[in-house]
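**Student:** Okay, here's what each chain looks like letter by letter:
Protein chains: 2
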Amino acid sequence: MLGNFVYYNPTKLYFGQDSLKYLNDELKNYGKKVMLVYGKGSIKKIGLYDEVVKILKDNGKEIFEDPGVMPNPTLEKVYDGCRIARENNVDLILAVGGGSVCDYSKAVSVSAYCEEDPWEKYYIRMEEVNNKIIPIGCILTMTGTGSEMNGGSVITNTETKQKIGRVFGPEVFPKFSILNPLYTYSVPKYQMVAGIFDIMSHLLEQYFSGEDDNTTDYIIEGLLRSLIHSSKVAVKNPEDYEARSNIMWTATWALNTLVAKGKTEDWMVHMIGHAISAYTDATHGMTLAAVSIPYYRYIMPYGLKKFKRYAINVWNVNPEGKTDEEIAKEGLDRMEEYMREIGLVMNIRDLGVTEDMFEGIAKSTFILDGGYKVLSREEIIKILKDCM
Amino acid sequence: MLGNFVYYNPTKLYFGQDSLKYLNDELKNYGKKVMLVYGKGSIKKIGLYDEVVKILKDNGKEIFEDPGVMPNPTLEKVYDGCRIARENNVDLILAVGGGSVCDYSKAVSVSAYCEEDPWEKYYIRMEEVNNKIIPIGCILTMTGTGSEMNGGSVITNTETKQKIGRVFGPEVFPKFSILNPLYTYSVPKYQMVAGIFDIMSHLLEQYFSGEDDNTTDYIIEGLLRSLIHSSKVAVKNPEDYEARSNIMWTATWALNTLVAKGKTEDWMVHMIGHAISAYTDATHGMTLAAVSIPYYRYIMPYGLKKFKRYAINVWNVNPEGKTDEEIAKEGLDRMEEYMREIGLVMNIRDLGVTEDMFEGIAKSTFILDGGYKVLSREEIIKILKDCM
Numbered sequence: 001m002l003g004n005f006v007y008y009n010p011t012k013l014y015f016g017q018d019s020l021k022y023l024n025d026e027l028k029n030y031g032k033k034v035m036l037v038y039g040k041g042s043i044k045k046i047g048l049y050d051e052v053v054k055i056l057k058d059n060g061k062e063i064f065e066d067p068g069v070m071p072n073p074t075l076e077k078v079y080d081g082c083r084i085a086r087e088n089n090v091d092l093i094l095a096v097g098g099g100s101v102c103d104y105s106k107a108v109s110v111s112a113y114c115e116e117d118p119w120e121k122y123y124i125r126m127e128e129v130n131n132k133i134i135p136i137g138c139i140l141t142m143t144g145t146g147s148e149m150n151g152g153s154v155i156t157n158t159e160t161k162q163k164i165g166r167v168f169g170p171e172v173f174p175k176f177s178i179l180n181p182l183y184t185y186s187v188p189k190y191q192m193v194a195g196i197f198d199i200m201s202h203l204l205e206q207y208f209s210g211e212d213d214n215t216t217d218y219i220i221e222g223l224l225r226s227l228i229h230s231s232k233v234a235v236k237n238p239e240d241y242e243a244r245s246n247i248m249w250t251a252t253w254a255l256n257t258l259v260a261k262g263k264t265e266d267w268m269v270h271m272i273g274h275a276i277s278a279y280t281d282a283t284h285g286m287t288l289a290a291v292s293i294p295y296y297r298y299i300m301p302y303g304l305k306k307f308k309r310y311a312i313n314v315w316n317v318n319p320e321g322k323t324d325e326e327i328a329k330e331g332l333d334r335m336e337e338y339m340r341e342i343g344l345v346m347n348i349r350d351l352g353v354t355e356d357m358f359e360g361i362a363k364s365t366f367i368l369d370g371g372y373k374v375l376s377r378e379e380i381i382k383i384l385k386d387c388m
Numbered sequence: 001m002l003g004n005f006v007y008y009n010p011t012k013l014y015f016g017q018d019s020l021k022y023l024n025d026e027l028k029n030y031g032k033k034v035m036l037v038y039g040k041g042s043i044k045k046i047g048l049y050d051e052v053v054k055i056l057k058d059n060g061k062e063i064f065e066d067p068g069v070m071p072n073p074t075l076e077k078v079y080d081g082c083r084i085a086r087e088n089n090v091d092l093i094l095a096v097g098g099g100s101v102c103d104y105s106k107a108v109s110v111s112a113y114c115e116e117d118p119w120e121k122y123y124i125r126m127e128e129v130n131n132k133i134i135p136i137g138c139i140l141t142m143t144g145t146g147s148e149m150n151g152g153s154v155i156t157n158t159e160t161k162q163k164i165g166r167v168f169g170p171e172v173f174p175k176f177s178i179l180n181p182l183y184t185y186s187v188p189k190y191q192m193v194a195g196i197f198d199i200m201s202h203l204l205e206q207y208f209s210g211e212d213d214n215t216t217d218y219i220i221e222g223l224l225r226s227l228i229h230s231s232k233v234a235v236k237n238p239e240d241y242e243a244r245s246n247i248m249w250t251a252t253w254a255l256n257t258l259v260a261k262g263k264t265e266d267w268m269v270h271m272i273g274h275a276i277s278a279y280t281d282a283t284h285g286m287t288l289a290a291v292s293i294p295y296y297r298y299i300m301p302y303g304l305k306k307f308k309r310y311a312i313n314v315w316n317v318n319p320e321g322k323t324d325e326e327i328a329k330e331g332l333d334r335m336e337e338y339m340r341e342i343g344l345v346m347n348i349r350d351l352g353v354t355e356d357m358f359e360g361i362a363k364s365t366f367i368l369d370g371g372y373k374v375l376s377r378e379e380i381i382k383i384l385k386d387c388m
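Protein sequence lines correspond, in order, to chains A and B. According to full-length UniProt numbering, the stretch in the first sequence is residues 1 to 388, in order. According to full-length UniProt numbering, the stretch in the second sequence is residues 1 to 388, in order.
For the record, the hints were derived by calculation from the structure and aren't laboratory data. Be aware that one or more of the hints could be misleading.
Identical chains blur together in the list; that is why a pair holds if it fits in one copy or across any two.
Claimed, not checked - Straight-line alpha carbon distances no greater than 30 Å define the calculated DSS-like cross-link-like pairs of lysine-lysine that follow:
id: 1; residue 1: LYS236; residue 2: LYS305
id: 2; residue 1: LYS45; residue 2: LYS61
id: 3; residue 1: LYS261; residue 2: LYS21
id: 4; residue 1: LYS121; residue 2: LYS28
id: 5; residue 1: LYS306; residue 2: LYS363
id: 6; residue 1: LYS45; residue 2: LYS363
id: 7; residue 1: LYS261; residue 2: LYS28
id: 8; residue 1: LYS32; residue 2: LYS45
Since the model is a prediction, treat every value here as computed from it, not as a measurement.
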């Protein structure tokens with residue numbers, strides 16, 4: 001059943017090959033001082049940096065640069081960014097890059113004018129934001145996290161070894177995001193494939209929970225089918241515009257709150273994946289890939305009806321003459337086959353996990369209760385063994 | 001291929017059995033004077049009128065009533081509404097009802113402060129709105145048009161016999177909409193089924209155009225599958241909350257601009273349906289139902305690839321050992337069977353059309369060019385014959 005919910009997503013999206021030109025229109029809505037946030041410089045290699053700086057200057061903006069955002073943005077970096085934003089009284093944060101740059105920009109946006117320690121207030125105590133929020137605009141160059149149209153912000157405290165994901169409300173969402181699939185061409189294939197599985201995992205974590213026939217699940221099935229189709233094309237030809245644009249658009253809708261509306265969610269693959277990342281620094285999407293098949297095989301009996309539906313509606317398994325278990329199992333077999341085909345890492349050994357880490361990973365996994373089975377620490381260790 | 005587009009939909013939705021309480025929160029954002037727009041009084045029968053008036057009074061609002069909005073809102077009524085809004089300087093238009101009430105409220109919203117004739121400016125010349133817009137809130141009691149989360153506004157000029165649909169931009173969308181599936185229980189079965197087919201037709205008119213594998217088409221397939229499933233349940237038991245809530249949610253997403261993004265659209269079933277309405281005053285959804293199967297059978301050869309895909313992905317046609325034509329045809333056969341099962345009117349004779357009207361209907365049909373085949377007047381007459 002569709003539960004009660006509020007849906008509100010006011011991010012304005014400009015999509016397509018020509019979308020950068022709309023930055024001119026958007027800049028008119030903000031003051032003169034723009035903080036330009038980006039990562040390790042890939043936006044310079046593809047020429048985007050020069051284009052953006054030119055548009056900013058043409059619009060009479062004063063630019064305050066904040067480069068060097070790392071794949072897992074640190075709290076230390078956030079404190080630095082807050083100083084830049086506050087001291088220069090910036091009117092807009094322009095995040096140019098992937099999910100990390102966007103996540104980081106949200107942290108700076110809410111923290112710059114926070115009168116106490118923002119880590120404690122917004123990431124530990126998860127309080128509502130009640131100070132000035134600096135508006136954010138985003139130019140996306142990597143796809144996967146959906147950060148361009150949501151309130152998600154994952155920040156790592158290297159001192160306490162905590163990586164915490166906070167989901168802020170719509171007042172923190174980017175005011176606008178520019179999505180040009182061409183920018184994603186420069187992402188190396190390993191990262192592209194990891195990003196694709198991150199998207200798939202977002203969809204599956206919201207799908208494998210509840211037993212209802214609600215519209216949300218049907219939308220997820222549509223998005224999954226599109227992603228499977230487009231990813232197979234993109235792996236063969238990363239410059240296939242149709243495929244890359246569909247992947248980019250699917251990523252946005254996989255995690256912009258729509259497909260979670262009115263239903264429960266699981267997220268245990270992400271929880272185990274995060275714990276593995278903390279021990280190995282492996283690429284996020286690959287930790288999800290290496291964990292998914294053993295995890296889903298393990299919980300399948302507890303959510304058999306949904307796994308059967310998944311096999312038929314997403315993987316075209318012909319149910320005739322088969323038991324529910326056989327149908328569900330065949331669905332996961334096809335998923336595994338697809339994952340190998342597009343080149344995902346299928347075991348945690350290849351990500352640097354050794355058996356002596358199992359206890360630690362299981363202990364640091366945050367256990368949620370939205371899925372078909374609430375896992376014990378022992379069950380997590382069993383799953384980790386199956387992931388080797 | 002996903003073309004260039006802008007997506008921006010800032011309507012805030014409150015969904016579920018408890019959603020009316022959020023009206024209290026929303027009212028705080030607007031001034032004291034509220035114009036209360038509704039239809040022929042069904043909201044009084046279900047007790048909603050009293051509840052809404054109580055909430056308005058509890059929040060200290062002054063109420064200006066504008067009842068009696070008809071199924072096809074007239075321009076004359078719009079002029080009256082404008083006078084009420086302008087003379088009382090209202091701060092918010094609260095539309096309580098179905099799509100007609102919402103469409104009408106949008107017309108008043110943009111027209112009250114228009115310095116020339118709003119019909120000429122906004123419905124004939126389709127100009128951008130450049131005067132004061134009165135904000136709208138919506139409490140939905142009937143589902144189908146999607147007017148709760150879009151800029152659509154269909155108004156009838158009885159003097160010139162013109163029924164014109166204008167799609168305004170996001171600045172005219174309702175600021176908030178309250179969607180409580182329980183309110184839709186009171187709709188008579190004939191209207192419920194007509195509304196269901198209106199939703200299906202919105203999805204199909206956006207689906208049957210272009211030959212691409214884009215994400216949008218996959219989302220439409222998901223929404224169609226959900227609608228087919230839920231409508232079968234709702235016809236047997238109109239008070240099945242799960243089914244009615246899914247239908248309500250599907251209606252919103254079928255026409256809130258998402259599934260049109262990046263693609264072309266058809267809309268000829270609506271065009272022929274509107275022309276039939278003008279001659280017979282038949283219920284909108286039923287005109288679409290009576291026209292759809294003959295229309296789609298006629299254009300099938302021109303968009304065979306998509307009709308084949310439709311048969312397999314939406315109607316579960318097994319393609320093995322069949323030609324593309326056979327697969328596509330089987331899909332439309334199953335659609336027809338489904339339509340008869342849920343009780344739709346399947347021919348235009350039953351809607352009051354007689355053969356002597358053919359010429360006139362064909363002549364007054366607005367011919368669009370987004371579908372697989374641009375129709376001539378003769379082809380429309382041929383299709384109308386098939387609809388008898």
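**Student:** Pop the pair LYS236 and LYS305 into one bin, within, between, both or neither, using alpha-carbon distances up to 30 Å.
**Tutor:** Between copies only: 23 Å across chains, 34 Å inside a chain, cut-off 30 Å.
**Student:** When no copy is specified for LYS121 and LYS28, does a C-alpha distance of 30 Å or less occur within a copy, between copies, both, or neither?
**Tutor:** Only across copies: LYS121 and LYS28 sit 28 Å apart there, 33 Å inside one copy, limit 30 Å.
**Student:** Checking an output row: LYS45 and LYS61, CA cutoff 30 Å. Within, between, both or neither?
**Tutor:** within (23 Å within a copy, 58 Å between copies)
**Student:** With identical chains treated as interchangeable, where does the CA-CA distance between LYS261 and LYS21 reach 30 Å or less: within a copy, between copies, both, or neither?
**Tutor:** between (33 Å within a copy, 19 Å between copies)
**Student:** Check LYS261 against LYS28 for me: Cα-Cα at most 30 Å, and say if that holds within a copy, between copies, both or neither.
**Tutor:** between (34 Å within a copy, 25 Å between copies)
**Student:** Given identical chains, is LYS306 near LYS363, meaning Cα to Cα at most 30 Å, within a copy, between copies, both, or neither?
**Tutor:** Only inside one copy: LYS306 and LYS363 sit 29 Å apart there, 51 Å across copies, limit 30 Å.
**Student:** For LYS45 and LYS363, with the copy left unspecified, which applies at a CA distance of at most 30 Å: within, between, both, or neither?
**Tutor:** neither (41 Å within a copy, 58 Å between copies)
**Student:** With identical chains treated as interchangeable, where does the CA-CA distance between LYS32 and LYS45 reach 30 Å or less: within a copy, between copies, both, or neither?
**Tutor:** Only inside one copy: LYS32 and LYS45 sit 27 Å apart there, 56 Å across copies, limit 30 Å.
Hint check: a violation occurs at hint 6 only; the rest are consistent with the structure.
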